[in-house]
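Trainee: Residue numbers (the numbering used here), protein chains in the order written: chain A, 13 to 151; chain R, 369 to 650; chain S, 2 to 617.
Note that these hints are calculated values from the structure, not bench results.
For glycine and all other residues, C-beta sits at the position ideal for the given N, C-alpha and C.
Accuracy of the hints is not assured; some may be wrong.
To be verified - One side only, chain S facing chain R, incomplete, derived with CB under 7 Å:
id: 1; residue: Leu275
id: 2; residue: Val387
id: 3; residue: Asn391
Claimed, not checked - Only part of the chain R face toward chain S is listed, based on derived beta-carbon distances under 8 Å:
id: 4; residue: Lys393
id: 5; residue: Pro394
id: 6; residue: Leu395
id: 7; residue: Tyr399
id: 8; residue: Met403
id: 9; residue: Leu408
id: 10; residue: Thr410
id: 11; residue: Phe418
id: 12; residue: Leu425
id: 13; residue: Trp432
id: 14; residue: Phe517
id: 15; residue: Pro579
id: 16; residue: Ala584
id: 17; residue: Val588
id: 18; residue: Thr590
Below are the chains, spelled out letter by letter.
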Amino acid sequence: MAHLSYEEAKKAVIRGLIILGAITIIEVIIALLAKGHMIEGFHMNKLLYGFLMAVFSIIKALFILGEFMHLKYESKALRVGLALPFILILWAIIAFVHDGNSYLQRRLDSGNVIPVEMPPVPVLPAHETPAEHGEHVKK
Amino acid sequence: MADHSTVAEAHHEVDYGPAWKGADKPLKAGYGKLMMWYFLLTDAFTFSGFLISYATLRASSLTWPDSDFVFSTFPGGLHHMPLIFVTLMTFVLIVSSVTMVRAVQEGKRENKNGAAFWLGMTIIGGLTFLGCQAWEWTNLIKNEGMTLFTNPFGKHTTDGVYINEDGSEGEHFAAGANYIVHRHHGQWAPKKYKVLSGPEKGQVKYQAFGPREFGALFFVITGFHGFHVFSGVVILFIIMLNVISGVYVKRRNGYEMVEKVGLYWHFVDLVWVFVFLVFYLL
Amino acid sequence: MEKSTLFVDDEKLLKDKGYDDHFHEHHHDEDPYQSNFITKYIFSMDHKMIAKQFLLTGMFWAIIGAAMSVIFRLQLGFPAESLTWLKPLLGKWIVVNSQGVGHLSTEFYYAMVTMHGTIIVFFVLTAGLSGTFSNLLIPLQIGARDMASPLLNMMSYWFFFLASVVMFISLFVSTGPFSGGWVAYPPLSALPQAMSGSGTGMTLWLISLTLFVVSVLLGGLNYVTTVLNLRTKGMSMWRLPLTIWSFFITAIIGLLSFPVLVAGFLLLMADRSLGTSFYLSEIFINGHALDNVGGSPVLYQHLFWFLGHPEVYIIILPAMGIVSEVMSTHARKPIFGYKAMVISIASIAFLSFLVWAHHMFVSGMNPFIANFFTIFTLIIAVPSAVKVFNWISTLYKGNLTLNTPMLFAIGFVSMFISGGLTGLYLGNSAIDIQMHDTYFVVAHFHIVMGVAAFFGMFAGVYHWFPKMFGRFMNETLGKIHFWGTMLTAYLIFWPMHYMGLAGVPRRYYKFDVFDTFSQFSELNKFITVMAIIAFFVQLVFVTNFFHSMFFGKKVRSKNPWKSTTLEWTTPILPGHGNWPGKLPTVQRWAYDYGKDGFDFIPQIQPKLDGETSAVH
Ligand code: HEM
Ligand SMILES: [Cu+2]
């Protein structure tokens, strides 16, 4: 942080710690809320939830890039050059996931049973309840 | 033909390309730093490839376990603590990023001891993170039985009711409920249940395994990230030794080497933001 | 109009206008780069030597790759003839039946096809082409002493060398090299038991290509940073020769696409060695169901082609750059539409990342999203057409010198047009359902990528041979090489379009069980004969190359082609640091040919008295 004095820079570091920590806590709280751990029976709309989480993560990422990795203070050309390629990733995400989805749809439509893996079902003697009598069970 | 040398003299200054004086730093960064940045860009694409593969396989699976159900254990035998441990891990990594920033700052001031100290703190942070990850993996593999090939975390696709050993009906569950197939003394012990909705209504079934890519992707991708953390720790250690030995004092470039490994270290943290997002939040 | 030749005293210009970076003060007593045989010729950090290493390794692989194609073409063209005479070379891969008639074993046929593709695409047309010319030309044409990091540059070559060694070893393992196609689709690549080459052969293939990716990334990082940071005074981006633009953008494509392949490969390795099922689901081998479920083979195809399509542009863009430069020099005309050329290179590069799934229209991919891939694919035709138009306009009314490099440059344009047009057919998802995996595709990509990129490479070798070795290549042999290659290439690949339209599938070992395809058996013979001739014509080139290296006509002047770019201001055989004294400074763009009555005005020449427009 070439532009700040040493003392300011040290403070900025603590501020960074607090910001990143706070966003993480907010993320986790929203996650728990959305998944019904906070309020009985409350579930957040999945799309909204995903969107919120993505936004928070991107904010965190930009903060790390900008402050910790000093990108904020680098030349604009470098920043733009590093950012542009992620347009490609955006299209990749859309295409890959859309096609992944369609792969599932086709499996469902084809009428084939989607293979489900079954654990080997234990054949236990009728009188034995497995939990308590471990020492009798042999491999 | 003209006597071009005199004419050229007059045009000497304007002849250079726009603002380009050669062997300059158009991006205001030396080639070493540029290379590090572009290397990180390529690495980001590798991770993107992985995370997009995760999303694709998840999209093509019928069910996918919920992260708050899977990652809900805490060291010391605590259960039902969804996402708490991984939040802690995230903090560890953030703190280590902060100590890294301090190391770079001290390096800029040519403060040898300060740089070495904060590098040491960063290494401790990295090792702590790796330790947490080791615990998390061990817990998943040993206690819960998730491996590269087996995933005990399943999700019901129908409503149903569990059937106890004695044949009586137990707990009810709704479609979308998570479960873990338990083991007893090394043997899988899936519970029996009666289906209460859908075309198979009335049938009695056993709990099935969840999609196995869930576990495989988890281990491969967090493993790949952990490998980055590990190599970061090794590099940090080497750089710390160099700092202590005074190599960078002579270079008088504000410990640029510390800055460059710093970039790598922050990148590891940056990737974790997205690993955290994809595996634990979404 | 008669053009006068400008007298350029480049020694004086370098001295007066040069820019002193104090390079030689630091290196004056002993040159650590070239102090002994090993540092000079083997572990060299000098970009010119590394370029030669890439070129020679590429040529070695080109000969092997081409020989492989001759072997499998023999099987395809003459299925009834005995190949027993190849037994001394191929041993057990020639299977002799009870009548004493020997055939290529089916496994080995597939292995040959696979290795041919892998070798030509990655080792010859990626490493051999952009490795050679990026290394040779980037520092020379931007006025730099060397690459940004000579050490990484050296490592880039040696990783390529290691990759080569591993791939070479895989040719000799007892189960044979990998044989599931150069694209290595699972399950053939993911299950070691799938076919004989899927075992050790595939393991070595993966190791080799992973090493190769490291090489590409090390090289690419270097090329990009060198072009950005090490340009000499006055060499703004818009004054770069098109060669440098194309190498620069090629390197960027490589840096962005190969890492995704790495992710795909790591998942593949896990499937092979750790027993995961990322790409596997519902597979039967020998009637026996595997317990791998849940994965998606289409995912691999996506990951592969996310690299794979940009890769074909990694191959063709350097050739385009070389052709632009060679063409402008030998047509004595400025390249037409310099900025349009740069912009179209950049937009091709960008678009190349959006179109990958046009290779997967028939994979079971979603037909809705295929529409978008069709549209993006067809849009690439626009910048491609711009480039073709510009080349033709550059030739138009040019003062053409039809020497070998120029012939190859023109041949390149011809090939690129022929092959690009069939790309438009294939890019339409509806038409591709019929065409996919037929000889039509084989014809398309061999013409547009294989032959065209080779032409670019040949143009480059003939043109810069004087810079590399201080001698010229033989013109007569060069012309024989050109006409022989041009003719045979068209005669080999043109007929394949018709076979493809009739539905003949690619990668088949023989067609005699299909009545419909028997009409092509004569054509197949013809193609094979042409392929053999083409192979021998390439030997003319190899002979010419090595003979001229030692006995060719010596270069007497610094600038034999009367070219404008900086590499011709170095001594005939530049030493380490390229310029003995100061670095040249750049006063103008790279294409002042035939301007204001002057035949050419080099880049180091300041504005002349009475010159019309201001310098670019
Ligand atoms: C206008 C330009 C182009 C279009 C629209 C186009 C379109 C296509 C399409 C749709 C395919 C898939 C065909 C199939 O498998 O069914 C294909 C295959 C291929 N193209 Fe092109 N292409 C173009 C230019 C190029 C160029 C410039 C290159 C290389 C320099 C190239 C190299 C290839 C290769 C190597 C394959 C076959 C890969 C394989 O399956 O083994 N194409 N092209
Ligand atoms: Cu393509």
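Trainee: Going through the numbered hints above, which ones does this structure break? Give me the numbers in ascending order.
Mentor: Of the numbered hints, 2, 3, 9, 13 and 18 do not hold.
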